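Asks: One-letter residues, chain by chain:
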Amino acid sequence: MPSKNGYTDAEDVYPHEKYEYEPFRPKSWETSGYVVFVNEETVEEKFNRLVERWRNETGGMSSPMLKISNPNYSKILKMDSQAVLPLILQELKNRPDDWFFALRVHSEENPIDPQSVGDFELVRQAWLEWGKRNHYL
Amino acid sequence: MTLQLSDLFDGPISLSQIKKDYPNLSTANAELASKPDPYYNCAAFVVNVTNKKWWPGGFDGYYWPINASNTTADIKRTFEELYGWKSCANGNFERRYEKVVIFENNGVPTHLAKQIRDGRWVSKIGRWDDIKHTLEAVGGGDYGQPAVFLRKRLKRRGIFLFFRSLLLG
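For the record, the sequence lines run as chains A and B.
According to the working numbering, the stretch in the first sequence is residues 1 to 137, in order.
According to the working numbering, the stretch in the second sequence is residues 1001 to 1169, in order.
A portion of the hints provided could be inaccurate.
[To be verified] Partial list, computed: chain B residues near chain A (C-beta under 10 Å):
1. I1018
2. Y1040
3. C1042
4. A1043
5. K1086
6. P1109
7. Y1143
8. R1153
[Unchecked claim] Here are the simulated distance ranges between beta carbons:
9. A:E129 with B:F1093: 41 to 51 Å
10. B:E1094 with A:K78: 41 to 51 Å
11. B:P1023 with A:Q82: 33 to 43 Å
12. B:S1026 with A:Q125: 33 to 43 Å
[Stated by the list, open to error] With a straight-line Cα cutoff of 20 Å, these simulated SDA-like cross-link-like pairs (lysine to any residue) come out:
13. B:K1020 with A:Q82
14. B:K1020 with A:T42
15. B:K1132 with B:L1082
16. B:K1132 with B:F1093
17. B:K1114 with B:T1078
18. B:K1019 with A:E57
19. B:K1052 with A:V117
20. B:K1052 with A:F101
Quick caveat, the hints were computed from the structure, so don't treat them as lab data.
From a predicted model like this one, the values you see are computed outputs, not experimental measurements.
Backbone N, C-alpha and C fix where the C-beta goes; we use that ideal spot for every residue, glycine too.
Produce the entire structure from the sequences given, and follow the hints as far as they go.
Replies: Below, the structure written as structure tokens:
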């Protein structure tokens, strides 16, 4: 049952959340009297921001499972595939890192020779070649 | 020049992130041992491999010598079956043994380190450098705590060299 301020009873149990998520919300931006400048982030800017955060938060991690389950990596997985594939490949080319899972998810392909699965550099080269063949690089 | 905590890592990394990941790390209990290198990781480093990344579980780009899952038990089994390591009680320095420790956080393996001859440990920190450190220095944060210690008797190289010198004069 929504309360008078629009929150459900369940949400009222956590008053700190109410304050945190209760910013000034005018009914309509047009009638609010405010002019809003929205600085929209490009796909590249968003990707770079997530990559830097991911590198910072997972730099010391050794387990690939922990690296690819980081929230910033998850956000990269949800980005538009056609837009983000060239960016991932360029990143892989410049700074070798754990991008193979993201490449498989976005490309829905796996160009890796089964013999080279355990060799980081061979896998990296295979993806870079794949990127060139498909005009992403 | 005094070593700063951030000097232990290849940037960019914020000091707050270092403090969060390694709350016990300081320049008093750790020192730099190599340059950063993205082509190997801690599991490869403990078996003296510096051109591959090792981790069980079949992750792309990661090698593991046998079919194994991403668990501490399977890492331990691999070291026991393939390399002759045996479980031991703790990480105390024993003169005739080399030791390896597996860290675990919430039941998930996170890091491996090997002991060096001064009783400290050396390990590759993710994509950053190798550092020499105490066990406490890297525990308590992202890596969790030491869960398994393994040891292997050192080859008696001194005796071999002694007899060889006798034979060769």
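Asks: Now tell me if each hint is right for this structure.
Replies: Against the structure, the hints:
{"no.": "1", "hint": "I1018", "verdict": "8 Å, holds"}
{"no.": "2", "hint": "Y1040", "verdict": "8 Å, holds"}
{"no.": "3", "hint": "C1042", "verdict": "4 Å, holds"}
{"no.": "4", "hint": "A1043", "verdict": "7 Å, holds"}
{"no.": "5", "hint": "K1086", "verdict": "23 Å, violated"}
{"no.": "6", "hint": "P1109", "verdict": "7 Å, holds"}
{"no.": "7", "hint": "Y1143", "verdict": "8 Å, holds"}
{"no.": "8", "hint": "R1153", "verdict": "27 Å, violated"}
{"no.": "9", "hint": "A:E129 with B:F1093: 41 to 51 Å", "verdict": "48 Å, holds"}
{"no.": "10", "hint": "B:E1094 with A:K78: 41 to 51 Å", "verdict": "50 Å, holds"}
{"no.": "11", "hint": "B:P1023 with A:Q82: 33 to 43 Å", "verdict": "42 Å, holds"}
{"no.": "12", "hint": "B:S1026 with A:Q125: 33 to 43 Å", "verdict": "40 Å, holds"}
{"no.": "13", "hint": "B:K1020 with A:Q82", "verdict": "35 Å, violated"}
{"no.": "14", "hint": "B:K1020 with A:T42", "verdict": "30 Å, violated"}
{"no.": "15", "hint": "B:K1132 with B:L1082", "verdict": "26 Å, violated"}
{"no.": "16", "hint": "B:K1132 with B:F1093", "verdict": "15 Å, holds"}
{"no.": "17", "hint": "B:K1114 with B:T1078", "verdict": "16 Å, holds"}
{"no.": "18", "hint": "B:K1019 with A:E57", "verdict": "11 Å, holds"}
{"no.": "19", "hint": "B:K1052 with A:V117", "verdict": "11 Å, holds"}
{"no.": "20", "hint": "B:K1052 with A:F101", "verdict": "17 Å, holds"}
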